[in-house]
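We have chain A already, so just place chains B, C and D with the ligands on it with the hints.
Protein chains in written order, with the working numbering: chain A, 1 to 553; chain B, 1 to 322; chain C, 1 to 367; chain D, 1 to 310.
Hints listed in this document are in silico derivations from the structure and should not be mistaken for laboratory results. The structure presented is a predicted model; accordingly, all values stated were derived computationally and were not measured. Built from N, CA and C at the ideal position, the CB exists for glycine as well. Warning: the hint list may mix true and false statements.
As the list claims (entries may be wrong) - In silico lysine to aspartate or glutamate, EDC-like type, Cα no more than 20 Å apart, as pairs:
(1) B:Lys-249 with A:Asp-137
(2) B:Lys-319 with A:Asp-102
(3) D:Lys-77 with C:Glu-180
(4) C:Lys-224 with A:Glu-444
(5) B:Lys-311 with A:Asp-137
(6) D:Lys-210 with B:Asp-3
(7) A:Lys-449 with C:Asp-11
(8) D:Lys-37 with C:Glu-322
(9) C:Lys-224 with A:Asp-137
(10) A:Lys-397 with C:Asp-237
(11) C:Lys-138 with A:Glu-324
(12) C:Lys-224 with A:Asp-171
(13) B:Lys-251 with A:Asp-137
(14) C:Lys-224 with A:Asp-102
(15) D:Lys-4 with C:Glu-322
(16) A:Lys-397 with C:Glu-180
(17) A:Lys-299 with A:Glu-324
(18) C:Lys-224 with A:Glu-411
(19) A:Lys-299 with A:Asp-494
(20) D:Lys-77 with C:Asp-196
(21) B:Lys-249 with A:Glu-411
(22) B:Lys-311 with C:Asp-237
To be verified - To give a feel for the contact side, a few chain C residues facing chain A, derived at Cβ under 7 Å:
(23) Thr-171
(24) Ala-234
(25) Asn-235
(26) Asp-237
(27) Ala-238
(28) Ala-240
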Amino acid sequence: MGSVLCFSWGWGNAFETVYFESRNEIDAQVIDFIDQKGRATVAESNVPAIELIGVSKSFGPVQANKDIDLVVGKGSIHGIIGENGAGKSTLMSILYGFYHADSGTIKIDDKTTTIPDSKSAIAQGIGMVHQHFMLVDPFTVLENVILGAEGGALLKDGVANARRELKRLADEYDMTIDPDAVVGELPVGLQQRVEILKALYRGADILILDEPTGVLTPSEADHLFRILRVLRDQGKTVLLITHKLREIMDVTDMVSVMRRGEMVASRKTAQTSMEELAELMVGRSVLLEVDKPEVEVGKPLLKVEGLNVRDDRGVMRVKDVSFEVRAGEVLGIAGVSGNGQSELLAALSGITRAESGKMELSGETLDLSAAHNAAEMRTKGMSHVPEDRHRMGLVNKFAEYENSILGYHREPKYSKGMFLNKDAIRKEAKERIEKYDIRPPTTEMTAAKFSGGNQQKIVLAREIECNPDVLLIGQPTRGVDIGAIEYIHNRIMDMRAQGKAVLLVSVELEEIRSLSDRIIVMFDGNVVGERGPEATEQDLGLLMAGVNQEAAE
Amino acid sequence: MLDTIILVLDSTFRLSTPLLFACLAGLFSERSGIVDIGLEGKILGAAFAAAAAAYVFQSPWIGLLAGIMVSVMLALVHGYASISQRGNQVVSGVAINFLAAGLTVLLGQAWFSQGGRTPALSPATRFESLTLPFADTLANVPVLGPIYANLISGHNILVYASFAAVPLTWWIIFRTRFGLRLRAVGENPSAADTAGLSVTLLRYRATIICGILCGFSGAYLSVAQGAGFIKDMSAGKGFIALAALIFAKWKPVNAMFTCLLFGFLDALAIRLQGQEIPGIGEVPVQVFQALPYVLTVVLLAGFIGRAIPPKASGIPYVKERT
Amino acid sequence: MSKGQLPRWVDYGVLPALNLLAAFIISGLVVVVIGEDPFEAVKWLVWGALGYGEGFGYTLYYATNFIFTGLAVAVAFHAGLFNIGGEGQAYVGGLGIALVCLAMDRFVPWWVTFPFAIIGGAVFGAAWAFIPGYLQAKRGSHIVITTIMFNFIASALMVYLLSNILIPQGTMSPSSRNFEAGGQLPLLRNVFSSFDFGQSPVNLAFFLALAVCVVVWLLIWHTKLGYEIRSFGANPDAAAYAGISPVRITVVTMLISGALAGLMGINVVMGEQTRLLLDFAGGAGFVGIAVALMGRGHPIGIILASMLFGLLYQGGAELAFEIPTISRDMIVVIQALVILFAGALEHMFRPAVVAFFDRFSSSTAEA
Amino acid sequence: ETFKPAVVYDFGGRNDRSFNEAAYKGALQFEERTGIKFRDFEIQNPSQREQALRNFARRGLDPIITIGFAQATALEKVAKEFPDTHFAIVDAVVDLPNVRSIVFKEGEGSFLVGLLAGMTTETNTIGFVGGMDIPLIRKFACGYKQGAKYVKPDIQVLENMVGTTGAAWTDPLKGGELARSQFARGADIVFHAAGSTGTGVLQAAADEGKLGIGVDSNQNHLHPGSILTSMIKGVDVAVDKALTDAKEGKWSSGVEVLGLAENGVSWSYDEYNKPLITAEMQSAVEQAKMDIISGKVEVHDYMVDSTCPF
Ligand SMILES: Nc1ncnc2c1ncn2[C@@H]1O[C@H](COP(=O)(O)OP(=O)(O)OP(=O)(O)O)[C@@H](O)[C@H]1O
Ligand SMILES: Nc1ncnc2c1ncn2[C@@H]1O[C@H](COP(=O)(O)OP(=O)(O)OP(=O)(O)O)[C@@H](O)[C@H]1O
Ligand SMILES: [Mg+2]
Ligand SMILES: [Mg+2]
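Chain A on its own, in the form it takes in the complex:
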């Protein structure tokens, strides 16, 4: 199999041709019929709810979907998996009329159709819960639900109807929610509920859920799956996108795998395994084992005490959090995203001011409720790989070499008086490009044009090469392909081996468990428990859901 080639950066045409040959032979095992063009049909689903044929879509230079074929049986739950950026959301958005395919055919209930806009999708019985919620924050639940389906020029009658209908739906699917609550003030779990209700309110027969569980605790996810099963049993069709193979095995009937914009395989869930799916997803057999040697743990380099952080809206997001990270140690912070991890990192790194709290950094005690800025923290030996490199870690308009000094631009080695020493900066950027294998190896291209993995490497190189004592690192492998993940994990282990203190925030339990020496779990701003790396996923999952077993016992 041409698996090696898929790590080659960039314009992977060679990879496609090589891989394509091998694809059919895998597929042949499960797919009953393959036509001349390699299109597959699944026999049992005689009446497919959805059929996509040869759908392609590109965004400027990025081909998000390439000649996609997909068949979704009526009354089934169909999973779609694939790495970040594989094109799953794009494909679903095409199905929902949000984007227009550049080419290809869509069939709904065996009839060729076009979906020019979301309105038409809704009319054809498609509902979608988007990865990034499509809710109007200042609106109430009710207003969000009826938006676009108000049932009359005046709101009054529609609202009364909707209120009734909502209550019915809530009862039927066990999804209670206050219809007059302002959506922006609801927790994410409930916001998602609103999204689902929106789709059901419009009478969707086909429900698309794009990574619905990313923001849910395991028990909330279970509840969601129960609902999905009820829907399926009522004859509705569900398309479920997720990264979590376990969920796929749990709830779906069929699963399709996407990689790099292509649909590489479809399987009956019952006839496949997690191992096979993982392999299909990344194009080679995966062994996400990180080599974690014994390292002698030294004195605490970072100590946080009684940290409280309030957000712009005045909501307390971090509540009385205390911990320490020692030299040669990786402390993992697990938790469903949105439970205060981002605010914690922002406060520690000096980006936002805390309500109260102290931090001891390399022996110096800082009052975090006093004004600090990120530059100051850096001079004290703390560096920070932010969770969201697009929003924070990089200035997309800047060239690579300019990004390579972001936050360190005031360091003497980069300046000549008030001027930047561009020669020195470029020289160092060049060295790092080589060391971190950043591709393409140019200092002059703007950050926007590097792919996700390479962007992350630019940030990592910058934050690691300044030789900090303490490294804060948030979601280090989000949106990053498997080769880069390995590389990044190794770098983190190197830091640990060098006796640095690493604070790792990730929503990927796998990642946390394989890298950390200790794990603390955050829920609703609180640290709800501490575990060793050997803790089971179930154990951590419960903590993440806010169930503190120790307390319960």
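Positioned in the frame of chain A, the structure of chains B, C and D with the ligands alone reads:
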């Protein structure tokens, strides 16, 4: 004393009216996510068209109609630039302001040869003051009489229209389907889009309403309050209306009170100018002339702090980042 | 070249040229509506601006104003700030320059006054931009609104000062007294007597403007401060992450922007009029917005765009002179259309040009 | 024979219905009478003043009449460059051998209309609305006050200015509001010296059933019955005369001060305001005029000491 108050308030109404129309115009536009600093230009264009048409057709109503048409046309230019072409909305607004300032005078000169002015309008071709029923009979009733006769009665129809537009706007924005959708596209256009709504169409509709209201504002200046068009006669009202909109936090009833406040400041400045102020003495007139602007800054800075605009305002809606 | 991308020379050359062309075609239509011959109009416009030494001198003179205000707007743009207050800042900056000249002109030669006048203009202009900048940074008052308000306030302030304080006894015109030789910048026609600048007022401020362009270029692209300004403008979150204080950058950038606008007075007050007078900024602050946009925030672009607007101003005056039915307001219209097409509608022709280049490049690839 | 006259207007332009327009009218009168065409130009920004003058001079236009005090500095430069060209300036003094400076005693004319207002008022309160707050306008105001107090020493004169930018001359709405405010404060007659803005003042007077007083040109016809009189400033006459003098070879340079005596300023009396002016008023105003001309009454000139003692 009561008389003085009534007179200042009376003047307040007259001065608030064009602001109120423009402010509501901006409200529709910005609620839908389109920032409009071209209000000024639209008012000016409308004032010119209204005066020209009122003169040519000898009818204020035709004038009003022409004013609305021209204002809507300018609004559509802004809409095309900022909705269809996803251009910078502030820049487009600046361009509209220049365009109106230049074209009105240029065409005015070409058509009427009076240095860009339109010929003066006779009373019959203007909106004249209406005397409400019983105003004269009730005038002698103490306190309420003068208030009714002098303050409430005796304005032209556009003044009443502007105040009537406030509850209407409120009702449209908060009680109709269109209003709900409008607010949605201003806050989160993607949400509206995925709900099956056309962001483009909604925003165009908001822009057109904005144009219509600016048309009223302009027509008021040239065929109701004034009697003909004079170059640059909008004199910054569009900008003040924008400031009022921010101050009103994009809410119609607030907008009315803010415009009344700005009108009142203006009226007060006019009233106090050239008079000894107790304890201070005579203040240079320039102080009064700058007063509304200074107060705007002070109010923006001190009282409302960070006013949070509709989240998507000023940002072109781009679905596919190609 | 990947699909959908354009070469730099198209992006920075062809597209702006197309936008300009569109603006001029519409302007031509306006000329037709007025009942004049647009080609005749263009002829006078170009001849008036470039056809003879004096006209060219005036073009340079106006361009000098626009370079200053254009840079002012551009610097603020780089920090993501929309400074519409260039007009007021230039006006108040002129006051600073005038005060320096009035204080020094009788005692020292111009080249002693000059640096102080530069400081005076910069400081006063900066001061006028400081409050809006500070309020934006600290209180979130929208800078577009506050700078507009400050234009009006500047106007009131200056009328008061000019007609009550600075006006010499017994004169009519609200302006300061004329500066003596020590407050007058040399005119280029006297400096370069070999070149015929006619009687045009283009003066040493032109070179100051060019020098300031270099300074701004260095500042924005080669200093740490410039780096911070650009970071903040391009991505405020990343700037905060990098420890760049938004308050500091907003205020500092507005100070620089105001100072640049303030320097415009050097050209008018110290160079041409040799006195402070009412409304001397004459809308240059607003033209600066167009100039900055067209010049894409880069000093070279700003110089070119300033020349274009200088040409419009001078050629337009000449045009109004030759064809009286085309009044001065025509220039305002052209200006508006240039701003509209080059600014707000800048991407209008892009899809067509991209399609053209794609077809072009694919056909060459096949060949 | 090439007699090619030119006129350069100031801001406000040819059709400001007031000052510049009066100059335009004067030139038109000359054109109609003699058939000689004239060129003219409207200033757009300060730098063009010099440029326009020079442009005309270079093309051999002569004489060149410049309107407005703001042109003085430019004229001073250009007149030196073209010593053989004849220039005239209205409202300012430029002391050069080839320049005729035409200035008016606005104070005297304003005195007369002030006097009329003083005699007419029933509320013992009258008003003044100026355009921009500049010395020239204060000169109008001062004469007006003096005239009013001359007949009614205890009269109250309200005084307002419209604005701080050039827009102050073109903001009839604000002018109207100011007038209304003065009416509200008890004034029943308002005199404006505010260019186009003044149309709003007169409109407000007409709308409110009060009286307005026009300025510069005879504005009585704008609202018959509502305009008490107009303070006429003979810019048209002066321009016509300058052109005629040049044409007939009678050009004289130097300062030409036009007051009541020279008929440079006056008050208007025509069919439109006949009903408003009583015989008593007419005789009083004519008497005052004679007294001023004879020097018996001295009208204070604001420009002399920048103060108004009234
Ligand atoms: N906006 C853009 N303009 C130009 N080139 C781009 C742009 N976005 C991506 N590219 C290039 O297209 C290629 C594919 O980008 P994409 O983000 O899909 O990479 P990827 O497959 O996720 O790579 P990685 O393995 O690093 O994650 C990259 O080489 C990148 O340099
Ligand atoms: N609106 C857009 N404009 C430009 N490029 C886009 C847009 N949306 C997606 N892309 C690009 O298309 C590719 C596929 O993105 P898509 O969001 O479909 O991936 P995904 O499989 O859903 O990933 P994830 O697991 O992270 O949700 C990526 O390279 C992405 O950068
Ligand atoms: Mg996705
Ligand atoms: Mg990627």
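Against the structure, the hints come out as follows:
For a cut-off of 20 Å, the pair hint linking B:Lys-249 to A:Asp-137 stands: about 17 Å separates their Cα positions. Using a Cα cut-off of 20 Å, the hinted pair B:Lys-319 and A:Asp-102 holds, with the two alpha carbons roughly 15 Å apart. Of the supplied pair hints, the one linking D:Lys-77 and C:Glu-180 holds, its CA atoms being roughly 15 Å apart against a limit of 20 Å. As the CA atoms of C:Lys-224 and A:Glu-444 are separated by approximately 18 Å, the hinted pair is consistent with the 20 Å bound.
Restraint check: the Cα-Cα separation between B:Lys-311 and A:Asp-137 comes to about 10 Å, which is no more than 20 Å; the hinted pair holds. Proposed proximity of D:Lys-210 and B:Asp-3 is supported: the alpha carbons are some 18 Å apart, at most 20 Å. Proposed proximity of A:Lys-449 and C:Asp-11 is supported: the alpha carbons are some 17 Å apart, at most 20 Å. Proposed proximity of D:Lys-37 and C:Glu-322 is supported: the alpha carbons are some 15 Å apart, at most 20 Å.
Distance restraint check for C:Lys-224 and A:Asp-137: the Cα-Cα separation of roughly 39 Å exceeds the 20 Å cut-off, and the hinted pair is therefore not satisfied. For a cut-off of 20 Å, the pair hint linking A:Lys-397 to C:Asp-237 stands: about 13 Å separates their Cα positions. Between C:Lys-138 and A:Glu-324 the alpha-carbon distance is near 35 Å, which puts this suggested pair outside the 20 Å criterion. Of the pairs offered as hints, the one joining C:Lys-224 and A:Asp-171 is violated, with about 61 Å between alpha carbons and a cut-off of 20 Å exceeded.
In summary, the hint linking B:Lys-251 to A:Asp-137 is supported, as the alpha carbons are separated by about 17 Å, within the 20 Å threshold. A distance of roughly 45 Å separates the Cα atoms of C:Lys-224 and A:Asp-102; the hinted pair therefore is violated under the 20 Å criterion. Annotation: proposed proximity of D:Lys-4 to C:Glu-322 holds, straight-line Cα distance about 15 Å (limit 20 Å). With a CA separation close to 50 Å, the supplied pair A:Lys-397 and C:Glu-180 exceeds the 20 Å bound.
Taking the CA atoms of A:Lys-299 and A:Glu-324, the gap is near 10 Å; set against the 20 Å cutoff, the hint holds. Note on C:Lys-224 and A:Glu-411: the hinted pairing holds, with a Cα-Cα distance of about 10 Å set against a maximum of 20 Å. Distance check on the hinted pair: A:Lys-299 and A:Asp-494 sit about 18 Å apart at the alpha-carbon level, within 20 Å; holds. Annotation: proposed proximity of D:Lys-77 to C:Asp-196 holds, straight-line Cα distance about 18 Å (limit 20 Å).
For the suggested pair B:Lys-249 and A:Glu-411, the alpha carbons sit about 43 Å apart, so the restraint of at most 20 Å is broken. Only pairs whose Cα atoms come within 20 Å are accepted, and B:Lys-311 paired with C:Asp-237 is accepted, the gap being roughly 17 Å. This hint is violated: C:Thr-171 has a C-beta 46 Å from the nearest C-beta of chain A, more than the 7 Å allowed. Evaluation of the C:Ala-234 hint against chain A yields a held restraint, the C-beta minimum of about 5 Å falling below 7 Å.
The criterion of a C-beta within 7 Å of any C-beta in chain A is met by C:Asn-235, whose closest approach is roughly 5 Å, and the hint holds. Restraint check, C:Asp-237 versus chain A: the minimum CB separation of about 5 Å is within 7 Å; hint holds. For C:Ala-238, the interface hint holds, since its Cβ comes within 7 Å of a Cβ in chain A; the closest pair sits about 5 Å apart. About 5 Å separates the beta-carbon of C:Ala-240 from the nearest beta-carbon of chain A, less than 7 Å, and the hint is met.
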